[in-house]
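Let's have the full structure, built from the sequences with the hints guiding it.
Protein chains: 2
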Amino acid sequence: MNTRSPSPTAASRDRILDAALDEFYTAGFHGATMRTIGNRAGCSAANVYNHFENKSDLLVEILRTASDEQFTATRNAIRRAGKDPAEQWRAAVVAHALYTAQRPRECLVANTELRYLGEIDRKRVVGSRDAQEQQFVDIAERAVEQGLFHVDRVHQAVTAVLLMCAGIPVWFRPDGPRTATQVADDYGQYALNLVGYRTPLNPLTRA
Amino acid sequence: MNTRSPSPTAASRDRILDAALDEFYTAGFHGATMRTIGNRAGCSAANVYNHFENKSDLLVEILRTASDEQFTATRNAIRRAGKDPAEQWRAAVVAHALYTAQRPRECLVANTELRYLGEIDRKRVVGSRDAQEQQFVDIAERAVEQGLFHVDRVHQAVTAVLLMCAGIPVWFRPDGPRTATQVADDYGQYALNLVGYRTPLNPLTRA
Chain A
1 MNTRSPSPTA
11 ASRDRILDAA
21 LDEFYTAGFH
31 GATMRTIGNR
41 AGCSAANVYN
51 HFENKSDLLV
61 EILRTASDEQ
71 FTATRNAIRR
81 AGKDPAEQWR
91 AAVVAHALYT
101 AQRPRECLVA
111 NTELRYLGEI
121 DRKRVVGSRD
131 AQEQQFVDIA
141 ERAVEQGLFH
151 VDRVHQAVTA
161 VLLMCAGIPV
171 WFRPDGPRTA
181 TQVADDYGQY
191 ALNLVGYRTP
201 LNPLTRA
Chain B
1 MNTRSPSPTA
11 ASRDRILDAA
21 LDEFYTAGFH
31 GATMRTIGNR
41 AGCSAANVYN
51 HFENKSDLLV
61 EILRTASDEQ
71 FTATRNAIRR
81 AGKDPAEQWR
91 AAVVAHALYT
101 AQRPRECLVA
111 NTELRYLGEI
121 DRKRVVGSRD
131 AQEQQFVDIA
141 ERAVEQGLFH
151 VDRVHQAVTA
161 VLLMCAGIPV
171 WFRPDGPRTA
181 TQVADDYGQY
191 ALNLVGYRTP
201 LNPLTRA
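For the record, the sequence lines run as chains A and B.
Numbering follows the working numbering, in which position 154 of the first sequence is assigned residue number 154; successive positions increment by one, without gaps.
Numbering follows the working numbering, in which position 183 of the second sequence is assigned residue number 183; successive positions increment by one, without gaps.
No lab work stands behind these hints, which were simulated from the structure alone.
Computed from a predicted model, the values in this text were never measured in an experiment.
Any given hint could turn out to be false.
No distinction is drawn between identical chains; accordingly, a pair holds when it is met within one copy or between any pair of copies.
No farther apart than 20 Å at their CA atoms in a straight line, the calculated lysine to any residue pairs in the SDA-like style are these [stated by the list, open to error]:
1. K83 - Q135
2. K123 - T26
3. K123 - T159
4. K123 - W171
5. K123 - F71
6. K123 - R173
7. K123 - F172
8. K123 - V170
In structure tokens, the structure reads:
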């Protein structure tokens, strides 16, 4: 394990990114300035400019990092789930939902502020999102071929599931009655139900 | 039918509300000013102030009107659906999803800008939202009691369904391959599946 402290430069960059995320979350992309971001990070606007050219650069970096992390979490969950597409689907949705519940600031900012980026910057972010979506589409298409899922428009259903997950930070509170893991597990079951999955092992069908 | 033209004052108020909605949608609540809203509406900031005290007032009025319209559309659909809770559920989701697909600006602004309102203003808006949610909870609880739905946490499932619908304007385009009505119908089926609805009449289970 790497126990060295991060270099002063790296620490400062991370602190600025975290401050920018807070600022985009509370004030919105348009309400945030390089100065208010610097204030939160405990540094000057000039220091912020040393690391990032402008607000868009900061937002792109935040959203790409979050999207890459969520992609990796989902891909690893799929790999661990074995060969059954239904179990892969469940595992992918649970991992995706769990990330959303545990990273509400990143996910809310992604949902709400992405539209303020220019075309080129938006493309830098959505590529990673599209790759994420494609993982779900591939699994669902295999499950439909194998007669496990019964749904007509796979891509549309995947979008519905991912946006259902994207809504979790709107209502989920870490100090609420249910943990992020419990909620993510429920969403895994919702997503299996949504695509018309049928099997006697499905706990909701035994009631 | 009322065929009179609206009074000049009323027309101006509506034009300002429509301009404010455009401005909140494109620039965000923090990016919008009474002046830029006036520019869009073809009037002065002073004229905007004649009708609304501030930006929050405008946002509250827009979100409350949209929420009330969506509530009414959903309630009417439930009434027309007859006594079967499953059909009421489907009809309610279809009506809710259809409104979302047909009013993307209102719904996206509601999703993204509500958090910038102060506590009192937010309460003025969310009351109508809560009433809307309660309609779905009541139907689903009856369906669970009658053994039609198989889902453990009704309120959480309702929230998942409503946020899935709230995501429609993120991807739906009126000039895309499917109409708003077709998409809303699909969402009605997704929502029935999600809560573990089982019946031989369910088209997705006959595959």
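We went through each hint and held it up to the structure:
{"no.": "1", "hint": "K83 - Q135", "in the structure": "within (14 Å within a copy, 41 Å between copies)"}
{"no.": "2", "hint": "K123 - T26", "in the structure": "between (24 Å within a copy, 18 Å between copies)"}
{"no.": "3", "hint": "K123 - T159", "in the structure": "within (18 Å within a copy, 31 Å between copies)"}
{"no.": "4", "hint": "K123 - W171", "in the structure": "between (29 Å within a copy, 15 Å between copies)"}
{"no.": "5", "hint": "K123 - F71", "in the structure": "within (16 Å within a copy, 36 Å between copies)"}
{"no.": "6", "hint": "K123 - R173", "in the structure": "between (31 Å within a copy, 19 Å between copies)"}
{"no.": "7", "hint": "K123 - F172", "in the structure": "between (29 Å within a copy, 19 Å between copies)"}
{"no.": "8", "hint": "K123 - V170", "in the structure": "between (25 Å within a copy, 16 Å between copies)"}
In summary, the structure agrees with every hint in the numbered list given earlier.
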